[in-house]
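Residue numbers (this note's numbering), protein chains in the order written: chain A, 4 to 385; chain B, 2 to 291.
Keep in mind that the hints are not guaranteed to be accurate.
[Stated by the list, open to error] Pairs of lysine to aspartate or glutamate, EDC-like flavour, derived with a Cα cap of 16 Å:
#1 A:Lys290 with A:Glu330
#2 B:Lys111 with A:Glu113
#3 A:Lys290 with B:Glu21
[To be verified] Going by beta-carbon spacing under 7 Å, a handful of chain A positions derived as facing chain B:
#4 Arg111
#5 Gly112
#6 Gly114
#7 Pro146
#8 Ala147
#9 Asp187
#10 Phe219
#11 Asn260
#12 Leu264
#13 Met266
#14 Asp270
#15 His274
#16 Gly287
#17 Ile318
Treat the hints as calculated values from the structure; they're not laboratory data.
The beta carbon of each residue, even a glycine, is placed where N, CA and C say it ideally should be.
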Amino acid sequence: MKLHEYQAKQVFADAGIPTPASELASDVDGAVAAAEEIGYPVAIKAQVQVGGRGKAGGIKLVEDEDEAREAADEILGMDLKGYHVDRVLVEEAVDFTNELYVGITMDRGEGKPVAMVSTKGGVNIEEVAEEDPDAIAREHIDPAFGMHPYQARKAVYDAGVDQSIARDVSSVLTTLYQLWDDRDGSDAEINPLMVTSDDEVIAADAVMNIDEDALFRQPELAEMEEEAAGGDELEQKADEYDFDYVRLDGNVGIIGNGAGLVMTTLDLVDHYGGEPANFLDVGGGAKAERIANALDMVFSDDNVDSVVFNIFGGITRGDEVARGINEALEQFDEIPKPVVVRLAGTNWEEGMEILNEDLVTVEQTLEDAVQRAVEYAGEVNE
Amino acid sequence: MSVLVDDDTRVVVQGITGGEGKFHAKQMMEYGTNVVAGAVPGKGGQEVEGVPVYDTVHEAVEEENADTSVIFVPPAFAGDAVFESLDADLDLAVAITEGIPTQDMARVNKRLTETDTRLIGPNCPGLITPGEAKLGILPGNIFAEGNVGLVSRSGTLTYQVVDSLTNRGIGQTTAIGIGGDPIIGTDFVDALELFEDDPDTDAIVMCGEIGGEDEEEAAAFIDDYVDTPVAGFIAGRTAPPGKRMGHAGAIVSGSGTGTAESKISALNDAGVPVGDTPEEVADHIEEFLA
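When you get a sec, could you build the whole thing from the sequences and use the hints?
Now the structure itself:
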């Protein structure tokens with residue numbers, strides 16, 4: 004789960020990381036009023052969950068009321084890489100002399116948190132990592148002990164941060180780690196961490212991703228998630244149903260259990276000349292209702308011309324799956340799109356007995372099921 | 002023969018009184034697994050499916066000589082349950098639970114380095130030695146005794162590939178689902194080492210997926226140390242990139258590894274053929290064994 008910039012900044016500020024004065028606005032008058040209160044120049048920043056907002060016209064620096072009105076009017080309501088902008092953050096424009104990068108993430112290879120510092124902030128840090136990996140200092144943290152103060156200093160000195168601000172940057176890094184640890188962060192980043200002419204540091208952007216699996220113990224952040232929800236209609240529906248779902252460009256709807264098997268099904272659709280419309284993993288141990296919800300999801304995608312259901316039960320049971328499929332399809336007078344079902348594994352025989360074969364096409368193997376679904380999707384398009 | 006689990010393995014099921022714990026304890030016993038105890042705090046003294054339940058894993062070890070745990074504990078408490086298994090000095094702990102917070106697993110991972118217990122998982126289907134014992138949720142009926150070792154990051158993909166093998170009369174020594182979480186106990190390299198050292202494993206299947214660099218590391222290990230022929234499969238060639246890997250993940254490694262292409266080419270370079278479909282993986286294994 005990714006916090007919006009304004010939410011992450013609030014969390015950072017509450018923890019004591021310096022952030023510019025800012026205010027959230029959802030209409031033009033509100034944005035102008037906020038700008039007047041903060042004092043010009045201000046930046047007006049679209050609050051959507053996409054990278055490269057600046058280049059896409061979602062961030063504008065303004066000097067006076069007219070410019071503020073014009074910029075707010077332009078940004079509010081715009082479509083930014085597929086996301087509708089309904090809120091802007093109006094923020095004090097910081098006069099800076101230098102830009103740094105600081106971040107904490109989990110290094111999955113090491114199985115440990117890692118703190119990162121670079122003097123090459125303010126730019127695409129992924130490109131820096133690729134082209135000049137040594138420009139980023141990395142310090143692994145023992146998760147049982149947390150970050151020792153010397154480790155923060157070491158990362159800062161290794162990165163070549165100027166002596167005059169080293170202490171403040173170390174302090175920001177230490178606070179960021181504490182936050183990351185306390186709030187079950189997966190990534191916490193400040194890019195850029197601006198350095199002012201008075202040698203003060205200030206977080207001009209804020210990224211905070213939270214481990215979804217830990218939201219149960221982060222009630223405050225879970226509330227922010229409700230607020231942060233967005234994206235297109237289908238993605239919102241997937242959130243509601245709590246599915247791992249990704250919409251793709253093709254027309255063969257895919258439902259399966261387990262990320263690896265669902266990905267394999269996508270690959271096979273591609274292999275047999277079809278195009279996957281989505282990735283939908285119902286997860287482990289799905290009950291009938293969840294299966295029905297999955298079908299509802301895929302049916303609501305207008306691009307879908309056929310559906311392949313691939314279930315290989317382990318913890319998921321074939322009888323539950325069959326019940327869900329029946330439940331979802333029996334409500335239609337006419338099935339909206341052909342559904343191909345392949346059931347294997349735990350309780351598949353019970354499932355096959357329950358499954359209403361008037362409503363679906365049954366195939367015994369993954370290959371046959373995928374080929375049949377690709378065929379159906381092709382027929383629709385002929 | 003087998004690695005890690007056989008019919009001498011003495012299993013304690015953590016969370017045996019829960020729905021999944023109970024269902025799968027029964028399935029494991031029906032398969033022939035020697036389930037000797039359950040462990041659930043506050044439920045000591047009960048019996049589930051004829052198996053005595055204890056309040057702690059330590060008691061299960063003292064009273065029933067349990068040496069292996071299978072963990073069906075809800076995610077909020079599962080990290081703690083793994084710690085308990087490590088503290089009880091078991092040989093093997095298998096964590097089935099999906100959705101354990103990553104930071105909890107980082108602490109478990111640290112503790113693992115200080116103990117002799119081996120962890121499989123979490124978020125995995127477990128492991129099985131066909132005809133002897135299964136630990137976890139794998140559907141036992143699709144497996145067959147034989148000479149192919151299998152290691153996979155994905156549970157259901159394991160079943161799919163095993164199904165292809167078994168249908169051709171190719172059985173397995175042991176199949177291990179290591180789980181796809183960012184932080185896991187036993188990884189590809191560990192499993193490959195076990196199979197390489199097992200005299201009865203004549204070929205190995207390794208099923209990976211996009212994300213992380215475990216497959217690339219495994220490829221390097223195969224190149225250096227593994228003489229047993231290995232066939233691979235990588236799921237997610239058509240999946241949209243960057244789904245699971247966060248922004249900062251790429252910065253750590255300093256490169257765009259983790260794609261299907263990088264994994265497939267690393268494996269190919271190590272002499273490992275990678276099938277386009279599960280059936281093609283089985284084709285390769287068939288050729289190895291011919």
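Now for the hints, and whether the structure bears them out:
1. A:Lys290 with A:Glu330: The hint holds at about 12 Å.
2. B:Lys111 with A:Glu113: The given pair, whose Cα atoms are some 10 Å apart, holds under the 16 Å limit.
3. A:Lys290 with B:Glu21: This hinted pair holds, its Cα atoms lying about 13 Å apart.
4. Arg111: Since chain B brings a Cβ to about 4 Å from Arg111 (chain A), closer than 7 Å, the hint holds.
5. Gly112: Gly112 (chain A) check passes; min Cβ-Cβ to chain B is 6 Å, inside 7 Å.
6. Gly114: Check passed: Cβ of Gly114 (chain A) comes within 4 Å of chain B, closer than 7 Å.
7. Pro146: 4 Å, holds
8. Ala147: OK, holds: Ala147 (chain A) within 7 Å of chain B, min 5 Å.
9. Asp187: 6 Å, holds
10. Phe219: 6 Å, holds
11. Asn260: 6 Å, holds
12. Leu264: Since the shortest Cβ distance to chain B is 4 Å, the answer is holds.
13. Met266: Nearest chain B Cβ about 4 Å off; hint holds.
14. Asp270: 5 Å, holds
15. His274: 6 Å, holds
16. Gly287: 6 Å, holds
17. Ile318: 4 Å, holds
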